[in-house]
Amino acid sequence: MSNALAATLILLTLVVLALIFAVIALARQIGILHTRLSPAGALMTTAGPKLGEKITNMSIPDIHGTPVDIGATGNALSAGKSQLLLFVSPSCPICKELVPTAKSMAQSDNVSLIFGSDGGQADTHLKYIEKMNLQNYPYIVSLELGMRFEVGKLPYAVLIDETGALRSKGLVNSREHLESLVTAMQSGYDSIQDYLVKEGHLEEQAS
Amino acid sequence: MMIDPLITIVIATSLALLFLLSARHKISARRRFEAQLAAYRILPESLVSPAARVLPWLEVAVAISMLFATTRLVGGLVAALLLAMYALAMGINLHRGRSQIDCGCGDTPQALSGLLLLRNLVLASGALLLVAPVATRPLGMLDMLFAILFVAACSFSYSMFEQLSRNHTLLTDKE
Numbered sequence: 093m094s095n096a097l098a099a100t101l102i103l104l105t106l107v108v109l110a111l112i113f114a115v116i117a118l119a120r121q122i123g124i125l126h127t128r129l130s131p132a133g134a135l136m137t138t139a140g141p142k143l144g145e146k147i148t149n150m151s152i153p154d155i156h157g158t159p160v161d162i163g164a165t166g167n168a169l170s171a172g173k174s175q176l177l178l179f180v181s182p183s184c185p186i187c188k189e190l191v192p193t194a195k196s197m198a199q200s201d202n203v204s205l206i207f208g209s210d211g212g213q214a215d216t217h218l219k220y221i222e223k224m225n226l227q228n229y230p231y232i233v234s235l236e237l238g239m240r241f242e243v244g245k246l247p248y249a250v251l252i253d254e255t256g257a258l259r260s261k262g263l264v265n266s267r268e269h270l271e272s273l274v275t276a277m278q279s280g281y282d283s284i285q286d287y288l289v290k291e292g293h294l295e296e297q298a299s
Numbered sequence: 033m034m035i036d037p038l039i040t041i042v043i044a045t046s047l048a049l050l051f052l053l054s055a056r057h058k059i060s061a062r063r064r065f066e067a068q069l070a071a072y073r074i075l076p077e078s079l080v081s082p083a084a085r086v087l088p089w090l091e092v093a094v095a096i097s098m099l100f101a102t103t104r105l106v107g108g109l110v111a112a113l114l115l116a117m118y119a120l121a122m123g124i125n126l127h128r129g130r131s132q133i134d135c136g137c138g139d140t141p142q143a144l145s146g147l148l149l150l151r152n153l154v155l156a157s158g159a160l161l162l163v164a165p166v167a168t169r170p171l172g173m174l175d176m177l178f179a180i181l182f183v184a185a186c187s188f189s190y191s192m193f194e195q196l197s198r199n200h201t202l203l204t205d206k207e
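If you read the protein sequences in the order shown, they are chains A and B. When the letters of the first sequence are read in order and numbered with our numbering, they come out as residues 93 to 299. When the letters of the second sequence are read in order and numbered with our numbering, they come out as residues 33 to 207.
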């Protein structure tokens, strides 16, 4: 074998060895990540009404003045559908991304979607409704609604089941978070944190 | 068909390393190996304990015999037989639907899977290659260097495969 050939062969073998090491390292990292990473879900905050609490006596006029019944109030209870309250604001970029998701989810999961927002100019909200195609959904501009659920950060979602009880709520930043709220209602776990504690993946945190 | 001696040397050394390592954990944790063997539910209970004593030393003997040219033929045959036997045992348990038992392949527990079966068959066919007649040619320093490099490549590829198949079982477990 000529020297040049031998040299190249040695070099190539070393390269192959280096690549094998790289793959081993990557595979180990995947293994570690797999054990470390728990699935992400909507972040639950402890503020506001407790889960399972019946939301009663809540009828708030939407931006056009039509009263919207929320929870175990009047029409909402007889409609027999769960309600998803999504708190948005025209100035919040993540909300913009989440609104179409919420709409498609409301359709596929058969929940009635209600948008909520706090103060601000009425015509910015009207423009926002037009831009995001929210004409078919009740849109409530009210400080009271946000204060009732103690909404801190946007976009915030609140899910109320068909009996009017609060089932889950939380800050939602992505489709997964939003879906996790509905899944939480269907699966019976309050939140991903609750699931981890109940399944023994996580120790109960002193709160 | 004649095979270049370098190939034979690389295969024999790599397999010998593999057998030595697997024998090491079987000897150092004999009770555990016994339990693993019993979990396969193939040997009658009275034979499990003696088999757990004999198998690792058989592996050591195979590993050493593969290193020398005169005994390589026998060593390769027995190695192929052992590997095929393990594969068969795994196959039987996979067929029984008892894939959750520890394969007893190493220190970290690993469930049985088709991948492991495939691995054993590849290793067994490698061991069978040792039976093929070897061409004679003078081996130089360069060949020794290549032998070392290739053995390293084979061994690390093997541990790469191990890690990947472990990940695979982790991922499929969740579904």
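Don't read these hints as lab results, they were simulated from the structure. Among the clues, some could well be false.
Heads up, incomplete: computed chain A residues facing chain B, CB under 7 Å, no partners named [unchecked claim]:
{"id": "1", "residue": "Leu104"}
{"id": "2", "residue": "Thr105"}
{"id": "3", "residue": "Val107"}
{"id": "4", "residue": "Leu109"}
{"id": "5", "residue": "Ala110"}
{"id": "6", "residue": "Val115"}
{"id": "7", "residue": "Leu125"}
{"id": "8", "residue": "His126"}
{"id": "9", "residue": "Gly212"}
Every beta carbon over 12 Å from chain A, so not counted as near; a handful from chain B, in silico [unchecked claim]:
{"id": "10", "residue": "Asn125"}
{"id": "11", "residue": "Leu174"}
{"id": "12", "residue": "Ala184"}
{"id": "13", "residue": "Ala185"}
On a predicted model such as this, the values are computed, not experimentally measured, just so you know. Ideal Cβ positions, reconstructed from N, Cα and C, are used throughout, including at glycine.
Structure-based check of all given hints:
1. At a threshold of 7 Å, the smallest CB-CB gap from A/Leu104 to chain B is about 10 Å, leaving the interface hint violated.
2. This hint holds: A/Thr105 has a C-beta 4 Å from the nearest C-beta of chain B, less than the 7 Å allowed.
3. A cut of 7 Å between beta carbons decides the hint on A/Val107: the least distance to chain B is about 10 Å, and the hint is violated.
4. Checking A/Leu109 against chain B by beta carbon gives a least distance of about 6 Å; that is within 7 Å, so the hint holds.
5. Here the hint on A/Ala110 is broken, as its CB sits about 10 Å from the closest CB of chain B, past 7 Å.
6. Because the smallest distance between the Cβ of A/Val115 and any Cβ of chain B comes to about 5 Å, under 7 Å, the interface hint for this residue holds.
7. The closest approach between the C-beta of A/Leu125 and any C-beta of chain B is roughly 10 Å, which is over the 7 Å cut-off, so the hint fails.
8. Interface hint at A/His126: satisfied, since its Cβ lies 5 Å from the closest Cβ of chain B, which is below the 7 Å cut-off.
9. With 7 Å as the threshold, the beta carbon of A/Gly212 stays out of range of chain B, its nearest partner Cβ sitting at about 45 Å, so the hint is violated.
10. The beta carbon of B/Asn125 is kept farther than 12 Å from every beta carbon of chain A, the shortest such distance being approximately 24 Å.
11. A Cβ of chain A approaches the Cβ of B/Leu174 within 12 Å, the least distance being about 6 Å, so the stated non-interface status is violated.
12. With a least CB separation of 6 Å from chain A, B/Ala184 falls inside the 12 Å interface cut-off, contrary to its annotation.
13. For B/Ala185, the shortest C-beta to C-beta distance to chain A comes to about 6 Å, within the 12 Å cut-off, and the non-interface label is violated.
In summary, the numbered hints that this structure violates are 1, 3, 5, 7, 9, 11, 12, 13.
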